[in-house]
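Student: Sequence:
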Amino acid sequence: MALFAIGDTHLSLSSNKPMDVFGGGWTGYVDKLKEGFCATVSLEDTVVVCGDVSWGMSLEEAERDFAFLDALPGERKLLLKGNHDYWWTTAAKMKEFFREKGFTTLDILHNNCHFYGETALCGTRGWFYEEDRGEHSAKIFNRELIRLEASLKAAGEREKLCFLHYPPLYQGYRCQEIIDLLEQYGVKTCCYGHLHGGSHRLAVTGPQGSVEYRLVAADYVGFAPVRIL
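To convert, note that position 61 of the sequence shown is 61 in the working numbering; the numbers rise steadily by one, no gaps.
No wet-lab data here; the hints were simulated from the structure.
Please note that a few of the clues may not be correct.
[Unchecked claim] Lysine-lysine pairs mimicking DSS-like chemistry, simulated, CA-CA at most 25 Å apart:
(1) Lys139 <-> Lys153
(2) Lys188 <-> Lys153
(3) Lys17 <-> Lys32
(4) Lys139 <-> Lys101
(5) Lys32 <-> Lys93
(6) Lys95 <-> Lys188
(7) Lys101 <-> Lys17
(8) Lys139 <-> Lys34
(9) Lys17 <-> Lys34
A quick note: this is a predicted structure, and the numbers were derived from the prediction, not measured.
With these hints in hand, go ahead and build the complete structure from the sequences.
Tutor: Here is the structure:
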């Protein structure tokens, strides 16, 4: 049994917005994701998907994408919300949809935490607050802080790993409020996605303070989930 993470699968099996148009590493990315999962993930493993899961605009439009993920190796795939996950709705509706469709390996990481042995898997989407200091952005940012702290508190005294969609820091940017929460609650490792292509060079990876940061965006990790534990 192992724990893996990958972000930004950007599936588009029904919504006709494939990432292949960006060329480079994204060409044939759906096949690459399948190959990457099959080469690294076993049936009993857990995979955290750090947001931007599907381009679908609704649960129904994203159904084929969920079916694709569900059929990949892994006993559990924990999904975070990304900035392009427009299908995202309430936890109750998503869980019921997965149950009705028989997607037995899919669950969400949002306002909660999951456990991998004695380790707590915590997380939320996060936010790029520095891009817009308007009132609406401030409200969203504050909600994300509340969600993150609720997830960390739900872990109790267990060792904690954190998964975000937005990076809490990169070259020229620091979201100090999120970093402070990670350090306050003793998070050992924080995985994040969102950065693609030329933005990879801005990524901060490795130890910063008491936390190790890892970029797991699909095109950064070669479309294969990265082993975390």
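Student: Of the hints stated earlier, which fail here?
Tutor: 4, 5, 6, 8
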